[in-house]
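Visitor: Each chain is listed here by its residues.
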Amino acid sequence: MNFLTRSLKPLLTSARDLTPIVVVVAVFQLLVLRQPIPDLAGLLGGLLMVLAGLALFTKGLELGLFPIGEALAHALARRGSLGLLLVFAFTLGFGTTVAEPALIAIADEAAKVAAQGGLIADAPEARQDYALGLRYTVALSVGVAIVLGVIRILKGWPVQWLIIGGYLGVVLMTAVAPPEIVGIAYDSGGVTTSTITVPLVTALGVGLASSIAGRSPLVDGFGLIAFASLTPMIFVMAYGALR
Amino acid sequence: MTGWLDAFWQIVRSTVTDVVPIAVVLFGFQYLVLRRPIPQLPRVVLGFVLVVLGLVFFLEGLEQALFPLGRLMAESLTSPGFLGLAEPSADWRNYFWIYLFGAALGFATTIAEPALIAVALKASQVSGGAISPWGLRIAVAVGAASGIALGCFRIVTGAPLPWFIVAGYLVLLVQTAFAPRAIIALAYDSGGVTTSTVTVPLVAALGLGLASNVPGRSPVLDGFGMVALTALFPIMTVLAYAQLGAWLGRRRRTH
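So the sequences go chain by chain: A and B.
Under our numbering, the first residue of the first sequence carries the number 833, and numbering increases by one thereafter.
Under our numbering, the first residue of the second sequence carries the number 881, and numbering increases by one thereafter.
Treat the hints as calculated values from the structure; they're not laboratory data.
Each hint should be verified, as a subset may be incorrect.
Unchecked claim - Covered by chain A, according to a simulated footprint, are these stretches of chain B (three or more residues, beta-carbon under 8 Å): (1) 937-951; (2) 1025-1039; (3) 1089-1102.
What the hints assert, rightly or not - Label pairs and their computed distance ranges (CB to CB): (4) 964(B) / 990(A): 50 to 58 Å; (5) 1096(B) / 870(A): 23 to 31 Å; (6) 950(A) / 997(B): 43 to 51 Å; (7) 1031(A) / 1014(B): 21 to 29 Å.
This structure is a prediction, so every number in the text was calculated from the model and none was measured.
Where a beta carbon is used, it is the ideal one built from N, C-alpha and C, also for glycine.
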């Protein structure tokens, strides 16, 4: 029984995530549009797949990634070797972002739009290259953000410096970037701070802040994430300007 | 049948590539730097297998459900037949229903978000009860609702996204300077809470669908930006709510 409830829990959680969407769409379809939904069976099947996928994904994170990721983050934060810590910070930010589901989805969609708009060739390879380039750019920017954030915690710089600096970077890049990339760039900032990245990066920030006297885990753990949603905007706009 | 299997295999392969970097980082540091075996290795490996399988199902489900759903809603709520227009129109006043739908979607998905409930309880503790958990949840949900509604409005009018974002950040800067210090971290966190893994694809599809249905708009130039606004607005409404709470508290004490 215990095993059953434990394995059903992620399924219930993802069902709870989907319920409001289903309710809002159903209300609008039935009361406002008053039309039957085309291909209802296909949609429901897809929703079930999203449900099962999210449940498996979160269960897998709980079993595998989070325990060793958090233990590693704490161990390296306390070890005192700056070089190793920075390499770990960068690769952690990069690796978690590449696997972020919402980013995969957005990048694929952006590639389709770019292909339809004639920005890239409308072939599967070109779309894949574009989507992958976008995701690696975002991952690179999150890695850099985490490295800067870690240095900030070590040096004790105020968090506002990084945020305001990042903000100025966004404004400057917006002025030079091609207009087609701006929307995607801004959106990718919101996407990165999601399912995998936040818990692991927060573990790194909190581990680091609590091992140095005079740093507050609450404030410093948060600083990493806030900055990691600014750098993707800058880097993706640079990617758009350079390619 | 083999075509379906081929497609499935293709997704599995690309998903494995997505998970390889983080696996290399974690295993590499564990074995080469810490030089310690991983506790409960079979469990961890099972975890990685589940992550890959979960991603495969999730991405396939997105393709079949969330993306079509977002596009469908954008299309039906902007169709001239539904709006009672003779021909497609670019006048933003005709698109009342899509703003309402966006707002309802933002409000509903956020108010039910489990991560937000945890944040709200923490905020209530930090502020010594000045911020009620329900007040904060409503503040974030109103923020997400206005973010999506404004995002829809922006796409319909074709106004440049940077104006909205830059202005939003300026407002945030001013608010941050005056807000009670204890709430700032939580306020910024609540922006991330609204952009959950399910909401992002749906909102993105809604924006792209809207941009391809409203005359004169192009998905490339106007379709994106909804996610950014949805992440930005809750920070503002939470800071405003905290400010209001602090102000009311001060007024109560002086009277």
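Visitor: For every hint, state whether the structure bears it out.
Guide: Going through the hints against the structure:
1. 937-951: holds (count 13)
2. 1025-1039: violated (count 0)
3. 1089-1102: This one holds; 5 residues, not fewer than the three required, reach chain A with a Cβ under 8 Å.
4. 964(B) / 990(A): 50 to 58 Å: holds, 56 Å
5. 1096(B) / 870(A): 23 to 31 Å: holds, 27 Å
6. 950(A) / 997(B): 43 to 51 Å: holds, 45 Å
7. 1031(A) / 1014(B): 21 to 29 Å: Between residue 1031(A) and residue 1014(B), where Cβ atoms are some 26 Å apart, the hint holds.
Hint compliance for this structure: hint 2 is the single one not met.
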